[in-house]
Amino acid sequence: MNIFDSFIEGAKEGFATVKFVAPTMIALLVAVGTLRASGALDALAGLIRPLAEKVGFPAEMVPMGLLRPVSGSGATALLTGIYENNGPDSFVGRCASVVAGSTETTFYAVSMYYGAAGITKIRHTLFSALLADFTAIVISVVTVGLLMS
Amino acid sequence: MAYVFGVMITISFIYAVFSGNIEQMSTGIPEAAGSAIELLISISGMLIMWSGFMRIAKDCGLIEKLSKLFSPLLRRLYPDVAVDSDAFRYISMNISANLLGLGNAATPLGIKAMGELKKHSLDDTATDSMVTFVLMNTASMQLIPTTVAALRKSYGSAQPFDVLLCVWITSAAALTAALVSSHLIRRLRWKRSSRSSLPRCVSTDYSSA
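Protein sequence lines, in the order shown, are assigned to chains S and C.
For what it's worth, numbering that gives the first Met the number 0 labels the leading residue of the first sequence as 0, then goes sequentially.
For what it's worth, numbering that gives the first Met the number 0 labels the leading residue of the second sequence as 0, then goes sequentially.
Don't take each hint at face value.
Cross-link-like lysine to any residue pairs, in silico, SDA-like; alpha carbons within 25 Å at most [claimed, not checked]:
(1) C:Lys152 x S:Glu83
(2) C:Lys117 x S:Glu83
(3) C:Lys67 x C:Phe52
(4) C:Lys64 x S:Asn1
The hints are simulated quantities; they were obtained by calculation from the structure and are not laboratory data.
Please construct the entire structure, taking both the sequences and the accompanying hints into account.
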């Protein structure tokens, strides 16, 4: 086995991934940008925010939790927004990083795997998957709060 | 995806019209497109490099070895899949690739695993093993969150990997929530249906695979 050739093969795949996700990412980043610039996301998050703050939950994480299961690139756009406004080493920056690193785009994975196998009745898959996403949002704040500050 | 995109754009326009933010929005859209390209360029270097290293891990048999390591655990999670079946092999390879962050390798392996599981299902209803498998793929199990670290680094983080322990704990908690809730729902439904009529959640025998 030639490790250089292996690296090049993998790097090609990585480059192909970048090329493959670019148009989708631009489309969704524009959609998220539109949603944020119009003020609609703030309005929706504003509805949930008082509730979140009551239990000591950072307000910036509310839109993140809403978007993470639906759109990977959308969540990335929010993540970079948080990095820009609060910094990647801030409390919220770290919480958002943990959520991004410990969850997947649930709707995408569910539709892809079941779609590929021709399964239409998915039983309780979506419920359990979204429960996992909710758990991740809560636990990210708990672990960053306990272990990193 | 089309639905998500459409809903986001439509809500934005309606909200902007009613709240008078239309001007603010029209300057925000091209800015978002520009920053999307900047972002892609800034993360692609690290992404391509990691894909290269992970491919070496795959080619030198690390993924195959990891699959063997996980088989005792996977045997418990997929009691109705025979260990020497193709379905089991693809499942463990998919999980190993996920742990290494090889999304490119994990996805085709996962699709193959679902195809094998489908061969032994009765109709278009998901079997218990399918649900477990998809749940393990919707909960991220990546050991090294490279994309997040690359992003944090490009925004000037002092230590991009300092959240690693929190990521592991959170991932484990999320996966546990998914699998435990799935198990409880299954038992609840089984109890209810065994009282009334035939059991709804038929477990399938994969031993012939």
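Hint check results:
no. : hint               : verdict
1   : C:Lys152 x S:Glu83 : holds (12 Å)
2   : C:Lys117 x S:Glu83 : violated (45 Å)
3   : C:Lys67 x C:Phe52  : holds (21 Å)
4   : C:Lys64 x S:Asn1   : holds (19 Å)
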